[in-house]
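As given, the protein sequences belong to chains A and B, one line each in that order.
Read in numbering that gives the first Met the number 0, the first sequence has 63 at position 64, and its numbers run on one by one without any break.
Read in numbering that gives the first Met the number 0, the second sequence has 266 at position 267, and its numbers run on one by one without any break.
Bear in mind the hints are in silico, worked out from the structure with no lab data behind them.
Idealized CB from N, CA, C, for every residue including glycine.
Check the hints yourself; a few may be wrong.
[Claimed, not checked] Below, in silico cross-link-like pairs of lysine-lysine (DSS-like), each with a Cα-Cα straight-line distance of 27 Å or less:
hint, chain 1, residue 1, chain 2, residue 2
1, A, Lys252, B, Lys186
2, B, Lys252, A, Lys186
3, A, Lys252, A, Lys186
4, B, Lys186, B, Lys252
5, B, Lys252, B, Lys24
6, A, Lys186, A, Lys24
[Unchecked claim] Covered stretches of chain B (chain A as the covering partner; in silico rule of three or more C-beta atoms under 8 Å from a C-beta of chain A):
hint, region
7, 191-197
8, 216-230
9, 258-270
10, 275-283
[As the list claims (entries may be wrong)] Have a look at the derived ranges for each label pair, beta carbon to beta carbon:
hint, chain 1, residue 1, chain 2, residue 2, range
11, B, Ala312, A, Arg259, 47 to 53 Å
12, A, Arg129, B, Val77, 57 to 63 Å
13, B, Ala306, A, Glu256, 40 to 46 Å
Number of protein chains: 2
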Amino acid sequence: MRIDLHTHIVPPGWEDFAARYGGGKWPRLEPRDACRATIMTGEQFFRDIDDRSWSPERRIEDMDRLGIDRQVLSPPPVMFCYWAEPKAAQAFARMQNEYVAGVAARHPTRFTAMATVPLQEPGLAMEELRYCREALGIGAVEIGTCPGGRDFDDPELFPFFAACRDLGMAVFVHPATPLVGQERLTKYYFPLIVGNPLETALAISTLIFGGVLDRLPDLRIAFAHGGGAFPFTLARLNHGWHARPEGPAAIPKEPREYARRIYVDSLTLSPRNLRFIVDELGADRVMIGSDYPFDMGDPDPVASLDAARLDPAARSLIEGHTAARFLRLEGA
Amino acid sequence: MRIDLHTHIVPPGWEDFAARYGGGKWPRLEPRDACRATIMTGEQFFRDIDDRSWSPERRIEDMDRLGIDRQVLSPPPVMFCYWAEPKAAQAFARMQNEYVAGVAARHPTRFTAMATVPLQEPGLAMEELRYCREALGIGAVEIGTCPGGRDFDDPELFPFFAACRDLGMAVFVHPATPLVGQERLTKYYFPLIVGNPLETALAISTLIFGGVLDRLPDLRIAFAHGGGAFPFTLARLNHGWHARPEGPAAIPKEPREYARRIYVDSLTLSPRNLRFIVDELGADRVMIGSDYPFDMGDPDPVASLDAARLDPAARSLIEGHTAARFLRLEGA
């Protein structure tokens, strides 16, 4: 059973949120033909997509071809809309949550839904989280790094993480704007190729030093892109905790202890990087992630496992057992 | 012959630059006793240091104990003063350059000097660079990332890099403020333990995508802390260059080609990280680096080579041959 934790989906269409709620940056889908469309943010071009982004049937064809049994479906970060008025963002999230719950309900053996929540206002986010869990039967939520400008050590966010733990919701963290150092990431597609891994490293570091994993040891939380640059910066974090007073003042155990509590996907785009994260975090913390269907993704994540020449036990965990445990799919 | 590329030194004292040039942030040394002092930036505490930071004799004792034949001496980044009026910064650099050249001249078999230059004004920096090369006989220069707020792809910096190449000066890049995302690095000693590796990753990425290494293939340039997070983000950079048009529009070859042209030190604080950078960049690109005498450094860099269980050929390169080639010490 192969489970791909990191794939993105959008509804095939939705109402005009700018017209209803105001605000110039709402994503909208501009169809090109039956199979192609453009995501616009207001009047700005954002990205061309095709029917792989909204057609479950088209996705299942690719999954069968690539040997993927189940995809976990989450919004691309442009759909988070943490910049928007919170109630409007909740409506935008609700529209997506109902759609993705429906896709998973129609294909229960092939898809698992992830919710999105208006995390710029943690109280509303917790309300939406509970709705997704109790009314829609969704068991996981995707969130962005630094939602509404709050880093993960912000006390305002802690009740949300606690609610995820209490409701048994797995959390999947995807880097999102504002990216660390965004003002210096203006060229060369740097937001996606440099900003994302650095942002993720900062987010995990802040989660750990903010004591969230210390206070919530049973929170299930995963990070995209193999944890970005984090696994490679862990040694320095750990050294700093031992060498300096600031670390022990914040958290009672060394960072490496908490690092072993997070999950990451396999989307490292390199056999050497993949082996590194498996050695550093453990195969019981790594799950397939492809970023399907986008161009910064891995077009064949199973072939990437082959290329990393993992031992059979690690391979089996990464293919599906780790994700089944992370998502509590064991009975599925 | 073991060469430690990354060690810091300050003069045992210097005139009051605030009194002479104005500006409140000039570093000054406040003695505690014969062996201890505090670096202040204006009236702000910066760091306690001891005589290892200024006494060549004390350093040689440690080098003999640790099995290091030669230290390369560079300023700690607080001494760059890229924030200052350029002519005053040049005077501050000159004071340091004359000191470090003197230390190296008195101990020619044990120390190699690195210059510092007022890189907030590239023209003045080139003037100081030439003075260091021609009058002081210095063959290497340390610079900070993002000097004066300019990233390494800034056209204003290119003549400086070209001058380093033309004068045969090796360049050692150390992360320095303003660090990427500095406004989010306010706690937990994060500037040094998170900011430094992320800043270095951005600096190398910008150097590569800015075409500097394409235009100056024979520039010798090294980065502290094993290149920070860069070696682990290279796979994603490389994928992006192939997947998207922005990369090939900037540089004609894939980033991996240029990554093989940089040098890094061994200061990764983990045998697994050290093996990773050796596998990724090549042992002919890695040199011992300890950050002596500071607490984020490696207290025994030779033991760290032991722990990484490198093959003898790689080990021999990292111990000294790579640095001898980088610094053009072959005849020394």
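- Message: Check the structure against each numbered hint from earlier and tell me which ones fail, lowest number first.
- Response: 3, 4, 5, 11, 12 and 13
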